[in-house]
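Trainee: Working from the sequences, and respecting the hints, build out all of it.
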Amino acid sequence: AFVTIGPAPPRHPPLPPMAAAGECRVFVGRLGPQLSDEEFRAMFSECVGCEDAYIVKDRATQQSKGCGFLKFASLGDAVAAIQHYHQALTIQGQNEAIQVRLGDHDAARLGITQQQQEANGESKLYICGLPRSNWTEDATRELVAQYGTVTEVVHINDGEGNFKGSGFVKFATALEALAAIAAVDNQIQVGTSPKFVELRFAESKGAPPKPLQPGEWLCPSCSNVNFPMRTACNRCGQPRHAGMPVAPRAPPPPPTAPAPSAGRPGEWTCPNCNNLNFAKRTACNRCHADKVAVLAGGLAPAAP
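Its first residue numbered 1, the sequence shown is counted upward by one per residue in our numbering.
A few of these clues could be false.
[Stated by the list, open to error] Below, computed lysine-lysine pairings styled on DSS-like, alpha-carbon distance capped at 27 Å:
no.: 1; residue 1: LYS170; residue 2: LYS195
no.: 2; residue 1: LYS195; residue 2: LYS124
no.: 3; residue 1: LYS280; residue 2: LYS57
no.: 4; residue 1: LYS65; residue 2: LYS124
no.: 5; residue 1: LYS291; residue 2: LYS280
no.: 6; residue 1: LYS124; residue 2: LYS164
no.: 7; residue 1: LYS71; residue 2: LYS280
no.: 8; residue 1: LYS57; residue 2: LYS195
no.: 9; residue 1: LYS291; residue 2: LYS71
no.: 10; residue 1: LYS291; residue 2: LYS57
no.: 11; residue 1: LYS195; residue 2: LYS164
no.: 12; residue 1: LYS57; residue 2: LYS71
[What the hints assert, rightly or not] Across the chosen pairs, the derived CB separations fall in these ranges:
no.: 13; residue 1: CYS67; residue 2: PHE196; range: 48 to 56 Å
no.: 14; residue 1: ALA202; residue 2: ASN274; range: 47 to 55 Å
no.: 15; residue 1: PRO33; residue 2: HIS241; range: 50 to 58 Å
no.: 16; residue 1: ASP290; residue 2: GLY191; range: 46 to 54 Å
no.: 17; residue 1: PRO194; residue 2: ILE156; range: 13 to 21 Å
no.: 18; residue 1: THR192; residue 2: GLN114; range: 37 to 45 Å
no.: 19; residue 1: ALA60; residue 2: ARG132; range: 57 to 65 Å
no.: 20; residue 1: ALA202; residue 2: ALA283; range: 33 to 41 Å
no.: 21; residue 1: VAL190; residue 2: GLN62; range: 45 to 53 Å
FYI, nobody ran anything at the bench for these hints, they're computed from the structure.
Every residue gets a Cβ at the ideal spot worked out from N, C-alpha and C, and that includes glycine.
Mentor: As structure tokens, then:
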């Protein structure tokens, strides 16, 4: 049901070993309405680190909406899949090649927009945590050059011309910038700097500040947004205290009546979010509701 267009997709060199960056979802569009779950999984069966693959379906009719998601163990694995598959295959009956990009939630975390991913044009990153002495722009370029074409490196200096340990790096494409973030951000230390290097998309001038996610807190010293589990700011080291702005945690969604399952034998539908889960799952992969508790509430798995 799907064919390759043009030459086979280019094999990008594997990314260097990296620490686990948490789960990451990749959106796959332009699939058409006829592609089955089995064909979709087969398309991405060779993806390293792919833990799940599913087509988005209408809850009422169970018909495909023409798109799907892949779940990866880390950002690095997700980026490698995007580099390999984006616009490399076309589905039979479709006029355009498939679109493969980061899911909106993970893209927002990294500060990259859907338009940037689709255009895949020049992308500017902010870098910090570099040594403040005996470190040059050429050294910064060499640090990230293995992940793509670096078109510009600019260091930030104070009023006396001393390097502040931060700056900007510009890559030729957004995918190369993502690959650099996946391998470098909060994973390596260089030179004499006691901090881990941070690498993220630079905010556009005049762009509104991103809202805090539930539980995140804002550092008053450097305005860095920190994850809920951090006890000190990961940018400037400021200890967390009770007076810091914290986004309220969202209340749990109200329980809903379980939707009938139309899946394969053993699959079960979560009553909290109506997500259809594989039989092997012990908890819902969308809202993490416990399967045993769900079944105890009266929801039976799909009939054989």
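Trainee: Against each hint, give a clear statement of whether it holds in the structure.
Mentor: We went through each hint and held it up to the structure:
no. : hint                           : in the structure
1   : LYS170 with LYS195             : holds, 22 Å
2   : LYS195 with LYS124             : holds, 22 Å
3   : LYS280 with LYS57              : holds, 20 Å
4   : LYS65 with LYS124              : violated, 34 Å
5   : LYS291 with LYS280             : holds, 10 Å
6   : LYS124 with LYS164             : holds, 18 Å
7   : LYS71 with LYS280              : holds, 16 Å
8   : LYS57 with LYS195              : violated, 45 Å
9   : LYS291 with LYS71              : holds, 20 Å
10  : LYS291 with LYS57              : holds, 21 Å
11  : LYS195 with LYS164             : holds, 13 Å
12  : LYS57 with LYS71               : holds, 17 Å
13  : CYS67 with PHE196: 48 to 56 Å  : violated, 35 Å
14  : ALA202 with ASN274: 47 to 55 Å : violated, 39 Å
15  : PRO33 with HIS241: 50 to 58 Å  : holds, 54 Å
16  : ASP290 with GLY191: 46 to 54 Å : holds, 47 Å
17  : PRO194 with ILE156: 13 to 21 Å : holds, 19 Å
18  : THR192 with GLN114: 37 to 45 Å : holds, 39 Å
19  : ALA60 with ARG132: 57 to 65 Å  : holds, 59 Å
20  : ALA202 with ALA283: 33 to 41 Å : holds, 37 Å
21  : VAL190 with GLN62: 45 to 53 Å  : holds, 52 Å
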